[in-house]
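Using the sequences plus the hints, can you model the full thing?
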Amino acid sequence: MKTYFIGILIFLLSLHVLGQGQEKEINQQLQTWVSINTVTKFADHWGVIGDFHIRRNDFVSDPSFYFIRGGISYIPNSNTSLNLGYAHMWLAPSNPDWSTFSDENRIYQQAQLNTKFGNVSILQRLRNEQRWQEKIVNDRSSGDWRFTNRIRYLMSFTFRISDKKSWPQMVLSDEILLHFGEEVVYNTFDQNRFFIGIRKNINSKWSYDFGYMNVYQQKYSGYQYDMNHTIRLFFYLNTSIRKKAPSEIENSGDE
Numbered sequence: 016m017k018t019y020f021i022g023i024l025i026f027l028l029s030l031h032v033l034g035q036g037q038e039k040e041i042n043q044q045l046q047t048w049v050s051i052n053t054v055t056k057f058a059d060h061w062g063v064i065g066d067f068h069i070r071r072n073d074f075v076s077d078p079s080f081y082f083i084r085g086g087i088s089y090i091p092n093s094n095t096s097l098n099l100g101y102a103h104m105w106l107a108p109s110n111p112d113w114s115t116f117s118d119e120n121r122i123y124q125q126a127q128l129n130t131k132f133g134n135v136s137i138l139q140r141l142r143n144e145q146r147w148q149e150k151i152v153n154d155r156s157s158g159d160w161r162f163t164n165r166i167r168y169l170m171s172f173t174f175r176i177s178d179k180k181s182w183p184q185m186v187l188s189d190e191i192l193l194h195f196g197e198e199v200v201y202n203t204f205d206q207n208r209f210f211i212g213i214r215k216n217i218n219s220k221w222s223y224d225f226g227y228m229n230v231y232q233q234k235y236s237g238y239q240y241d242m243n244h245t246i247r248l249f250f251y252l253n254t255s256i257r258k259k260a261p262s263e264i265e266n267s268g269d270e
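In case it helps, my numbering puts the sequence shown at residues 16 to 270.
Zero decoy hints are in this set.
In silico lysine to aspartate or glutamate, EDC-like type, Cα no more than 16 Å apart, as pairs: (1) Lys-234 with Glu-197; (2) Lys-150 with Glu-197; (3) Lys-39 with Asp-241; (4) Lys-234 with Glu-38; (5) Lys-234 with Glu-40; (6) Lys-234 with Glu-198; (7) Lys-150 with Glu-119; (8) Lys-215 with Asp-178; (9) Lys-150 with Glu-198.
What follows is a set of in silico ranges between Cβ atoms, one per label pair, in the way DEER data are often shown: (10) Gln-44 with Phe-195: 19 to 29 Å; (11) Gln-44 with Asn-92: 36 to 46 Å; (12) Ile-122 with Thr-203: 18 to 28 Å.
I should point out that these hints are in silico values taken from the structure, not numbers from a laboratory. Cβ coordinates follow ideal geometry from the N, Cα and C atoms, glycine included.
Shown next, in the form of structure tokens:
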């Protein structure tokens, strides 16, 4: 048994050494990310959610991804929601000489909690994703898929900066993403997303947030990273097909 644990320790150390053998490379990028995120309540405790995202690199010059997601939401009260659904991504190639987009199919489960302390609204979201990512080889689909399971935790704070209701609110949030799978060897840490910006209600149904998001992502190699400086504009729509007021729970967005 002692030899067994020593062998595991040597194996883990070797992985660490291999992952650290290359000097860290950080690719700095400027991005623009726009989305619409919807919740439509059709019963007292049930709703459907859907969102669509476009992210562009080099400000708006080059595609990064297109993303669509849908699902069913159980809303036991005005502070809590439980979601289940499916999403699909079309991911642009990182190789500038390639043109083939990679498909990704995703199933997700999510729990979201909204609380308030004084003038500060706190949103917490825990999401679990099963992801099937298409492998592209020499600018063609290889027919092979990479499966990973990803866990995400988001905490967001929204607070007033003025007593005037016409003024926007301030938003600070951070989300950490970890993933696991046979091919995840050097980067259990997937990425971290920090956002600072404003939140503004357009009317009783529509709102938006706008600001700066920093997306720091580690690649599968372990030594390559993307540092994405992102201009983010997310729209939110909360509606109901019933006569009652729409749910206070929002679809918190983010690919």
